[in-house]
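Asks: Sequence:
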Amino acid sequence: MIEVHALYGEYDLLAMIEAESTTHLTSILIERFRLVEGVKTTQTLIAVDY
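Under this note's numbering, the first residue of the sequence shown carries the number 1364, and numbering increases by one thereafter.
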C-alpha cells in the first residue's frame, strides 16, 4: 500500500496500492480489504500511468 486518504462523501477511504499484476492486485484486495470487518464494498480503478 502506497497511500491511504480519508474522504468525505460516498466513499470513506482512498487507498493507492502497487501490485505486480492484476492477479496480485486481486489477491491483495481479497486478503487485505474485503475480509476486514466493516468493509462492505470496494471499487477498483487502475491507473494507466503513475
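Wrong hints could be hidden among the right ones.
Pairwise CB distance ranges (calculated) [unchecked claim]: (1) V1399 with I1365: 15 to 21 Å; (2) A1378 with V1411: 26 to 32 Å; (3) L1377 with D1412: 16 to 22 Å; (4) V1402 with I1365: 26 to 32 Å; (5) K1403 with E1383: 17 to 23 Å; (6) T1386 with I1365: 17 to 23 Å; (7) V1367 with I1393: 26 to 32 Å; (8) I1380 with G1401: 14 to 20 Å; (9) A1369 with E1400: 17 to 23 Å.
FYI, nobody ran anything at the bench for these hints, they're computed from the structure. Note that CB positions come from ideal geometry on N, CA and C, so glycine has one too.
Asks: A separate judgement is required for each hint: does it hold in the structure or not?
Replies: Verification of the supplied hints:
With their beta carbons about 18 Å apart, V1399 and I1365 fall inside the hinted range of 15 to 21 Å. Separation of A1378 from V1411 is about 18 Å and departs from the stated range, judged on CB atoms against 26 to 32 Å. About 18 Å separates the C-beta atoms of L1377 and D1412, a value consistent with the hinted range of 16 to 22 Å. In this structure the hint that V1402 and I1365 lie 26 to 32 Å apart at CB is violated, the actual value being about 19 Å.
In this structure the hint that K1403 and E1383 lie 17 to 23 Å apart at CB is violated, the actual value being about 27 Å. Judged by the Cβ atoms, the range 17 to 23 Å given for T1386 and I1365 holds: they are separated by roughly 19 Å. Checked against the given bound of 26 to 32 Å, the beta carbons of V1367 and I1393, roughly 18 Å apart, lie outside it. In this structure, I1380 and G1401 meet the distance hint of 14 to 20 Å, their C-beta atoms being roughly 19 Å apart.
Hint check: A1369 to E1400, Cβ distance near 18 Å, so the stated range 17 to 23 Å holds.
The structure does not agree with the numbered hints 2, 4, 5, 7 stated previously, though it agrees with the rest.
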